[in-house]
Amino acid sequence: MFLLLGMGGAVGFLSGMFGVGGGFMMTPLLIFIGVPPTVAVATGANQIVASSVSGVIAHTRRKNVDFKMGFMLLIGGVVGSTSGVWIFTALTALGQIDLVIKLAYVLFLSVIGSLMFFESARALWRKRRGYNLSGNAHKRKDHSGWQHKLPFKMRFRRSKLYISALLPLSVGFVVGILVAIMGVGGGFIIVPAMIYLLGMPTSVVIGTSLFQIIFVTANVTILQSTSNQTVDIVLTLLLLIGGVIGAQFGARAGMKLQGEQLRVLLAVMVLSVCLKLGFDLIVTPDDLFNVGLPGGH
Amino acid sequence: MHLARLTSAFLSLFVTSLCLNEATAQNTNEIVAALDDHVVAIDTSFSGSKVLLFGATEGEGDVIVVVRGPSRDEVVRKKGRIMGVWANKEEVTFSGTPVFYNIATSGTLTDMVPASTRQRLELGPDYLNSYLASSSRDIGDAKKDEFWQALLRSKKNNNLYASEAAQVKFLGKRLFRADFFFPPNIPIGTYLVYVYLVKDKDVVSSQITPLFVSKIGAEAKIYDFAHRHSFAYGIIAVIIALAAGWVASVVFRKK
Chain A
4 MFLLLGMGGA VGFLSGMFGV GGGFMMTPLL IFIGVPPTVA VATGANQIVA SSVSGVIAHT
64 RRKNVDFKMG FMLLIGGVVG STSGVWIFTA LTALGQIDLV IKLAYVLFLS VIGSLMFFES
124 ARALWRKRRG YNLSGNAHKR KDHSGWQHKL PFKMRFRRSK LYISALLPLS VGFVVGILVA
184 IMGVGGGFII VPAMIYLLGM PTSVVIGTSL FQIIFVTANV TILQSTSNQT VDIVLTLLLL
244 IGGVIGAQFG ARAGMKLQGE QLRVLLAVMV LSVCLKLGFD LIVTPDDLFN VGLPGGH
Chain B
2 MHLARLTSAF LSLFVTSLCL NEATAQNTNE IVAALDDHVV AIDTSFSGSK VLLFGATEGE
62 GDVIVVVRGP SRDEVVRKKG RIMGVWANKE EVTFSGTPVF YNIATSGTLT DMVPASTRQR
122 LELGPDYLNS YLASSSRDIG DAKKDEFWQA LLRSKKNNNL YASEAAQVKF LGKRLFRADF
182 FFPPNIPIGT YLVYVYLVKD KDVVSSQITP LFVSKIGAEA KIYDFAHRHS FAYGIIAVII
242 ALAAGWVASV VFRKK
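Chains A and B are the protein sequences, given in the same order.
First residue of the first sequence? That's 4 in the working numbering, and the numbers climb one at a time after it.
First residue of the second sequence? That's 2 in the working numbering, and the numbers climb one at a time after it.
In case anyone wonders, no lab produced these hints; they're calculated from the structure.
We put the CB at the ideal spot given by N, CA and C, even for glycine.
Careful: at least some of the hints might be erroneous.
Stretches of chain B that chain A covers, calculated by requiring three or more beta carbons in the stretch to come under 8 Å of a beta carbon on chain A [to be verified]: (1) 75 to 81; (2) 84 to 90; (3) 148 to 157; (4) 226 to 240; (5) 244 to 250.
Cut-off 20 Å, straight-line C-alpha distance, at most; resulting in silico cross-link-like pairs (PhoX-like, lysine-lysine) [said to hold, decoys possible]: (6) B:K90 to A:K105; (7) B:K174 to B:K202; (8) A:K105 to B:K79; (9) A:K105 to B:K80.
This is chain B alone, in the form it adopts within the complex (with noise of 0.2 Å):
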């Protein structure tokens, strides 16, 4: 069944890809990609989930993939013992933290594009960005640094960010396969995926796509009427309490 879904998927991609080439005659686009499934769904049971990506090269080339989770602010705090009691002592918050970061890559990514290049589109965890939130505004470098390394450390503990890059697979000479593993922690949102084509130690060509995270069943129900209705939960909470409460009531004076 996953191979019916492969051929059907590479079909579609050549047709895709057909008019791809004929749309934008002069700027012809030297990768296209596509992924076997466009939705993580998060059930109750979910224990992580892979997702496949294959894609073709016109040409010959590396290839680097990106999955970027979306952005929010993330606070790292540091304990500092007080009074013999280790506590938060010092905080900073980054803001536009991707929640998710993932890589994988055809090659050794150092040989495949100098270091310019590897900050500016931000390969791989250790060339991300950071920014600061507003409100650290007035830290001193070396402080920055420190407690960026810390968010990686924790994210890369997490299996949130990569350790270390993936393997992008060729198959032949154009056609190219990377496994992702999302694992059950991942926050929900619109992830995106960058596929880019590097040749002589250059991107020539890059695609973006689209990836959704999302919750299903019972649990993503409550989750979500939680944070909605968030007053109607607490009510509902209680009046659940009460009623498991009369009921054990009742259970015991039979007994």
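Only chain A is shown next, with the shape it has when bound in the complex (with noise of 0.2 Å):
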């Protein structure tokens, strides 16, 4: 109990220093202590509903939450993350589900944990050489890309964009998915989506996503604990808990730290839970064996 509580406040700590949800984090070391990846799945879910709340409280009074825009993004997370608890629920009868947690951590730890490391170490060093860093921080916004020929165009007013609204349902559909499978908010994939892909701001982005992610992991906690069980109330607490605190003191502790610095050490850490996943899938297990409930009953 207490070294979930400890976890909670370690993961809540790395989030307030980075200001990152912590999901991918603590999915992966939920595995790592042995609570079972489909439980570590579900409950990373719930948890996320609530660090959530609070971020979207707080960025509505800056106003920096496009709510068009979130209620598109929405609907395509509902589907999404509906259809990732399907997925879900057809490969735990397949035996396969744990498989498939872990190759999706590894997949995805492993590409954003480098693109940060290679992102940041070459900002670090430019720094260092004296270069101007703004340079092609703003890109011109391009009107004439296969984004802005797509049919169903909608104005979104706060971000002061004129778009087709296939492009945020795809993004929230896609981003369902990973929430589903993989018990993430998944603001690591929505943020780039929403700034590069679909040209927001990037003051609105943060507190949009936000907003959707509410929604969404509110939508995986009910349908998996109506699908699979794997909810667990008590576990979600205690982690809730040791989050809340350890966030405080991480926020104070990353304003002591440079921002590339501070995004360096988040890489190595990704890459290090990535390749920690990606050993155990790959050693020779001790016993080729594993006995479970027959699924889908």
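From these two lone chains plus the hints, build me the complex, please.
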């Protein structure tokens, strides 16, 4: 129990320090200490509901939430996460869900970890050489890309965008599947997608993504409880308490470090979690056999 | 207190055995046994529980006690390499497998009864009959045995099946007792305790007593609720999370 409180605290500390949701660290950690991957994923989703709520409240006060955009993402997200839970149930019956969860983590953590590592390492290196960073930070809005040839155009006032509704719908859909299978908020996918694919201003991205994450993770929580009974309320609460306290200290510690150093640090951690997960998949297990209950009952 | 409970239980046992003797005059029950507690209650702090079985035999003989949990289907999966990654490759489903199996004997089982009896009465985990579920009917005997042995190994490692028989202790010539330990991971359900009296390599008398393993306390209620009203459970999980998030944001703002 104290281990769980401590883990919640540690992940909370990290999420406060780096400004990330922490779901993608929490789920692998839960798996490492022996929580079944299915329970880790479903409980992780439930915990993210809570951390996103406090985030959204803060962002709404600063008017950083584009509700119309959030709503479109949300529709895609609900459909995506519902299909995700359905895939999850089917894979459980096949006995392959644990493998898929771990593979998904290895894939995403390695891509994100290395991108983050190289990007921030380059930024650190340039800074030392005295280059000007702001050069290509602001791209001009390009109106000739394929994104703008899609039908069903809609106006999003707060984001100052006029784009096809299909874009946020499909971004939401893809992220929804990930929420269901990986037990993450999906912030690390949806935030880059909103900035680079939809072209939203960075200021409204975080609040809007949190807004949709609340509903998508809530949907996943309810569906996972109904079809797989893998949500553990007690575990959620323990992680939450630790997480809330940890985030406070994390935010303070984060202010003392430089942005690029923080990101290099986070990247190294993401990569090491990824290596550990990948290593466990490749190394020959002690016992080739495992016993379980038949699925799909 | 334990002693008092034991004494009163013994007394009731003798009364029962007297009644039994009168009721079944021809077919006298030569063995009677009782448990010190018919319920194994699992609460939040459950770290396993001991159950004492005691009884008496008529005349001298050996005693075998078997504790069997409810039966259910179990899937055994075997990992294999798929593109360099270890994944569950093959699976076999066994049906009617007891979730828990423990045995205690007053002597060496192999000296007490012949192999045919051990097989017929399923005395010892290694003598349990394996039944394939309909989905796994078409596998060969070698594969079935390989997977069945894996199931037995896993059950023994989890202390759900006895690795070796425990001791039935005789107090004098007719009174006996056996202690069973139920590990914290036991599944709930109705367990059956079989008591056999063996004379001249033959089982001459037997008795079956139920034992209930159930969850109590808050954890049990949550578990029960999660399975019976899973939709409501999901809603509550979300509401708790929403409330916790709101509380956190209020606390954050004040600081």
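How the hints compare with the structure:
no.	hint	in the structure
1	75 to 81	holds (count 7)
2	84 to 90	holds (count 5)
3	148 to 157	holds (count 6)
4	226 to 240	holds (count 10)
5	244 to 250	holds (count 5)
6	B:K90 to A:K105	holds, 16 Å
7	B:K174 to B:K202	holds, 18 Å
8	A:K105 to B:K79	holds, 18 Å
9	A:K105 to B:K80	holds, 15 Å
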